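With chain A's structure known, arrange chains V, Y, U and D with the ligands on it following the hints.
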Amino acid sequence: MGELFNFNVITDNFTYFMIGRFPNGPLGGLGLTIYLAVVSCILSFFCGLVLGLLSLVRNPFISYPVNLFINIVRGLPLLMVIFWMYFLLPALMGRTVPESQTVIMGLTLFTSAYMSQIVRAGIVGIPKGQTEAAISTGLKHWQVMLYIVLPQGLRNMIPSFVNQFVSLIKDTSLAFIVGVSELTQVATQVNNRTMAYPTEIFIFIAILYFFLCYAFTSLSRWLERRLAWRKAI
Amino acid sequence: MIQFTGVHKWFKQLHVLNDINLRVTPGEVLVVCGPSGSGKSTLIRTINQLEPINEGKLIVDGMDLLDKKTDINKLRAEIGFVFQQFNLYPHLSVLSNITLAPLKIRKTPKKEAEEQAMTLLARVGLAEKRDAYPSQLSGGQQQRVAIARALAMKPKIMLFDEPTSALDPEMIGEVLAVMQDLAGTGITMVVVTHEMGFAREVAHRVAFMDHGVVLEEAKPEEFFRNPQHERAQQFLKQLLSPMH
Amino acid sequence: MIQFTGVHKWFKQLHVLNDINLRVTPGEVLVVCGPSGSGKSTLIRTINQLEPINEGKLIVDGMDLLDKKTDINKLRAEIGFVFQQFNLYPHLSVLSNITLAPLKIRKTPKKEAEEQAMTLLARVGLAEKRDAYPSQLSGGQQQRVAIARALAMKPKIMLFDEPTSALDPEMIGEVLAVMQDLAGTGITMVVVTHEMGFAREVAHRVAFMDHGVVLEEAKPEEFFRNPQHERAQQFLKQLLSPMH
Amino acid sequence: AAPPADTLAAIKKKGVLVAGVKDSLPPFGYIDEKSRTIVGYDIDFINAIAKKLGVRVELKPVTSASRMPQLQEGNIDIIAATMTKNPERAKQVDFSHTYFFTGQKFITKKGTVRSLKDLAGKKIGTAKGSTSEQNVKKSIPTATVLSFDDYPQAFLALEQGKVAAVTTDEAILAGILAKAPNKAQFEIPNLQISDEPYGLGMRKGDKHFVDFVNKTLLQMERSGEAKKIFERWFGPKTPFHLQRNFKITANK
Amino acid sequence: MLTYQFDWSIVTSGKYFEWLVSGCKVTLQISIVGIVLAFIVGLLIAVMRMSNFRPARWFALAYLEFFRNTPLLVQIFFWYFGSYKILPAAVNDWLNSTNFEFAAAVIALTIYTSAFIAEDIRSGVLSIPKEQMEAARSAGFSFLRSMQYIILPQAVRITVPPLVNQFLNLAKNSSLAMTIGVMELTYQARQVESYTFKGFEAFTAATVVYLALSSIITALVHLYDKRVLNPNRAV
Ligand SMILES: Nc1ncnc2c1ncn2[C@@H]1O[C@H](COP(=O)(O)OP(=O)(O)OP(=O)(O)O)[C@@H](O)[C@H]1O
Ligand SMILES: Nc1ncnc2c1ncn2[C@@H]1O[C@H](COP(=O)(O)OP(=O)(O)OP(=O)(O)O)[C@@H](O)[C@H]1O
Ligand SMILES: [Mg+2]
Ligand SMILES: [Mg+2]
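Protein chains in written order, with this note's numbering: chain A, 347 to 579; chain V, 857 to 1100; chain Y, 857 to 1100; chain U, 79 to 330; chain D, 727 to 961.
Chain A extracted, bound-state conformation:
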């Protein structure tokens, strides 16, 4: 096996790992990974919020289909969801959809289902006494939700949201499958081109992912400690 490791392959292609073909071509590599994760995260936060609220609506004609949808998505591998988007999006939107958008939609759809569960748990976790106290002062239902339940619930949910974001960062690696040149794809490309340093390349990107995710995991833990309501006796 000769010289065991040769990390020149990393230094030689460093720019490519970081930003792909940018600015000569589209953004790729780590930059695209972060872009995909951030955009999907923002979108799925709002979708998840809406889904979560709808899933708690008393009217079964609304909550039942919403819950069914959430459960179906949660029952599927992300890979399947991405393949579905790949097929259905162009049909639904009546126009061509770039792969990176396909992946963003897939990640958003998938993650919204999980976000909705976080929202749900956050809302259900607010003690009944809070709602009762608010109702007793004469606040209407939507006011109770807006002024009392959501502010407390969202704050309680922040650590889970951050954790979900970490999952998203990891999940963007599946964009590889449909040929979006994010970090994993770029790594395989370099691996394919050089064909001699798979160990070096995969260790390198694993470490890249690790630092990125670990930073957010730590943030979530820190927030969890910071944001915990001190128990009201």
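I should point out that these hints are in silico values taken from the structure, not numbers from a laboratory. Predicted model only: the values in this text are computed from it and were never measured. Glycine is no exception: its CB is placed at the ideal position from the N, C-alpha and C atoms. One thing to keep in mind: the hints can contain errors.
Cut-off 20 Å, straight-line C-alpha distance, at most; resulting in silico cross-link-like pairs (SDA-like, lysine to any residue) [to be verified]:
#1 K1093/Y with P1083/V
#2 K930/Y with Q858/D
#3 K930/Y with M873/D
#4 K305/U with A128/U
Listed next, with one range per pair, are the computed distances between beta-carbon atoms [stated by the list, open to error]:
#5 M439/A with L922/V: 36 to 42 Å
#6 N910/Y with V762/D: 45 to 51 Å
#7 L870/Y with G471/A: 53 to 59 Å
#8 I766/D with Q321/U: 25 to 31 Å
#9 G918/Y with Q1036/V: 52 to 58 Å
#10 F867/V with A983/Y: 29 to 35 Å
#11 E1077/V with E1078/Y: 31 to 37 Å
#12 T824/D with K169/U: 56 to 62 Å
Same frame as chain A, but now just chains V, Y, U and D with the ligands:
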């Protein structure tokens, strides 16, 4: 002010309120007592319809609670409710806890609402805590803020559901003092409590419940000296001297 | 039986036990009282080393707790501990809650352990609950089972940490009755409690604590009639008449 | 999706030709390490067509599995991704004249394979959705075919001994071998299992566009430009040293 | 899409149906082997994480953090392609003579999932009120005995639902094995698509299978919740 006529309520099979007939006149302080599970909380919660009733008639402040046309939110704004567990909003400061409902429901101007809130805080002895958060207060202080919050809507009726039973013995006194002070202002009050000292000194009338039935209604002096019902005798004996 | 000599304990900066000197003789019933946060629980928990002490000497049943050679598990088996929150094992039936320690530690044969357990259950008035699970019992019943569980190891000393303060008023009596009965058997008991009726009637001695210091030690009749320390006077006043 | 009925007009209108190409298959299409852009044999043909049309080129990396759906959904206008012409595919897309000709062979560790029998019962690597995968299943039914996302990955598996051979078109194999770090250990035995004419793929029934592309290809052959492109990527100055044993003609 | 001709027969019979069935089998195989291994490894790591022996605790912590914070796909590639340089030649030869694609997928899934399982087990144990430990110690039980008789029996009940959830995740994540040529369900669905261009039918079939799998597992958890986490028993 409050008039129960043949009120019944069931939780599934459980008959929690059984033919309640009870009248509270304006300015009256009624203490409700009775053993655990007897339906006291349920009774008091029907008054602002936190629990709907199944049968009978319930008139509060001239409005029929079973009438579909009654605006329940408006009625609730006229009734202050103080819970056993305080239920202050942990994400709002003491001041905001008190001003939230006046601002959002009564549309009171902010300045006025805050002035009122400060008057109330002074009255419960917590003026200096205006910017504190609930978690920074002791239980007794939280409960006094909860009373101030209920009073901020200038209610005609105040309901208390065991307001001192989650408190350490040392803090009970401060909350009872505020309640006694309040009773002196002539507001209508219904209080569920085990504090027989309070009942004896402040209540105009005591109602004793067991198994969803109001077994006895009497002036406090009569009730304590000479309870009519056997169950009430037992209850008082246990409560006043836990040893024998 | 229990001997504290110059015992100190800190939690970080906080000096929770400050030069404790206390002696409990065999068969004695000591009640410890004092305001919230004064160190009562910590004191009683040092006796079976749920809290290790930082300084001083603590001899329990002839064994030095600071001595490395003391088998702390063996000592604990000789000391029954009853918690405020009962702490029954939720996954075990009432009977198994009681027999677990005798079976596993004393290696008592199963039949014998169960017979003993039934005797104890009968003594606390719960023989018919042998197969129930803790969550199916009321608070008072759970606490009585907890006492039976502690007694199952035939301890020489029983420690109680506010055994009635998590209970509804009606249930306090039944637990205190069991404890009074127990005191009659001549076992050594240390009881942290606010139940002054119990202290007056059952205790041989009362210790009053504040800020980690034992301020006063006296016979109950003396302590209640004429507390020496100002803090104790205040405390008793508040406790006995919460209204004024 | 709504792919345009007349692609030629649509391309002219939007001013850009979107081509699906391979991005890690030297020398057909791969990312140049220095410029970080896609270059190669396929790309040169696309550039020539775009130049003729007077439009810009946009290159989209595709895989063997994704190129057909991409075309059908209108994400790309043309496939220039080493696609073999075969009747089954011809039902789905229209092919141009053959612009590259090769045959499917194997790459193996030196001296391990003399005949197809030597591969019986072995693992053979190839790429998902390729014709190579389907051909080898027919010619060596006892072999286990492992499909990777791309050929270099399959070759890596060969290097690490995870498969006994990698099969695909000779031109590709030659390309892989040329780039391999330890090429001396490998060889391409003379075992051909199929002919592999490559065509550019376009949407079915898009006659204007197909005619235009074919016309352009024939012109390139006449002008010698096609030969020049071949020499640039496969000629003596390259590591491949392939002979150009075909010409672009109208009968294929 | 408007012109798309549905042809469900290809996924309900014939060659392509057989492909899908064999894909299901492989998915189930990976899942079952993975679940068993991941549980064992996860338990081991959880115990190490809670032990008093520092090197064990640190190893467990590093293991948890690293494998939970890197994408599974990268881990799969690493074990399949990247492990080659690290392992001795003899081991590589042996691995290559076996069904190493399958093994690499199982190894990656096991390690990835075990890190999550370990955390679930640990938080199950931590969720038992510390007073339970105190009560047990007060009765004279040692630390390990208290764990054995009091803490773990309670923790296991609480941990089962999140644990099953992880098992479900593992089953779903097994789809990533397709990237190294393991012919599981998603791989076969994709094969059917590229041979027949009938992606809609192929993916519908695979979707139904995945949903059935997760519905069954979820239903089992609900049953467990009702039966074992009966409100009359656990607090
Ligand atoms: N939401 C509910 N659903 C079903 N049963 C209920 C509900 N709320 C209360 N109950 C039952 O109704 C009965 C009366 O309850 P209630 O809370 O009114 O009693 P209480 O007199 O206030 O008791 P306590 O002194 O313990 O507060 C009890 O048996 C209780 O278990
Ligand atoms: N020089 C090369 N080096 C490495 N890989 C190449 C090279 N040339 C082409 N390839 C790859 O090999 C494949 C060519 O065979 P391909 O897989 O396209 O066969 P294919 O997809 O079945 O084509 P076809 O299926 O039409 O035969 C393409 O995927 C292409 O990306
Ligand atoms: Mg109540
Ligand atoms: Mg205490």
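Exercise for the section: Using the beta carbons of T824/D and K169/U, state whether their distance is inside 56 to 62 Å or not. Expected result: Because 40 Å falls outside the window, the suggested range is violated.
Practice task
Go ahead and decide if the range 25 to 31 Å is satisfied by the Cβ distance of I766/D to Q321/U.
Solution key: Roughly 59 Å apart at Cβ, these two residues miss the hinted range, so it is violated.
Practice task
Note whether the CB distance of L870/Y and G471/A lies within 53 to 59 Å or breaks it.
Solution key: About 32 Å separates the Cβ atoms of L870/Y and G471/A, which means 53 to 59 Å is violated.
Exercise for the section: Mind checking the hinted window 29 to 35 Å against the Cβ distance between F867/V and A983/Y? Expected result: Since F867/V and A983/Y have Cβ atoms about 31 Å apart, the given range 29 to 35 Å holds.
Practice task
Starting from the hint 45 to 51 Å, judge whether the C-beta atoms of N910/Y and V762/D obey it.
Solution key: Roughly 49 Å apart at Cβ, these two residues keep to the hinted range, so it holds.
Handout entry: E1078/Y and E1077/V - C-beta distance against the hinted 31 to 37 Å
Key = Between E1077/V and E1078/Y, where Cβ atoms are some 35 Å apart, the hint holds.
Problem - Beta-carbon spacing of M439/A to L922/V - inside the hinted bounds 36 to 42 Å or not - result: violated, 53 Å
Practice task
Assess, step by step, whether the Cα of K930/Y is no farther than 20 Å from the Cα of Q858/D, and give holds or violated.
Solution key: holds, 19 Å
Handout entry: Range hint 52 to 58 Å (beta carbons of G918/Y and Q1036/V) holds or violated
Key = holds, 54 Å
Handout entry: Given hint A128/U paired with K305/U - CA-CA distance at most 20 Å
Key = holds, 18 Å
Handout entry: Pair hint outcome, K1093/Y versus P1083/V [Cα-Cα no greater than 20 Å]
Key = violated, 28 Å
Practice task
Mind checking the alpha carbons of K930/Y and M873/D for me, to see if they're no more than 20 Å apart?
Solution key: It holds: about 18 Å lies between the C-alpha atoms, which stays within 20 Å.
In terms of the numbered hints stated before, the structure departs from hints 1, 5, 7, 8 and 12, listed from lowest to highest.
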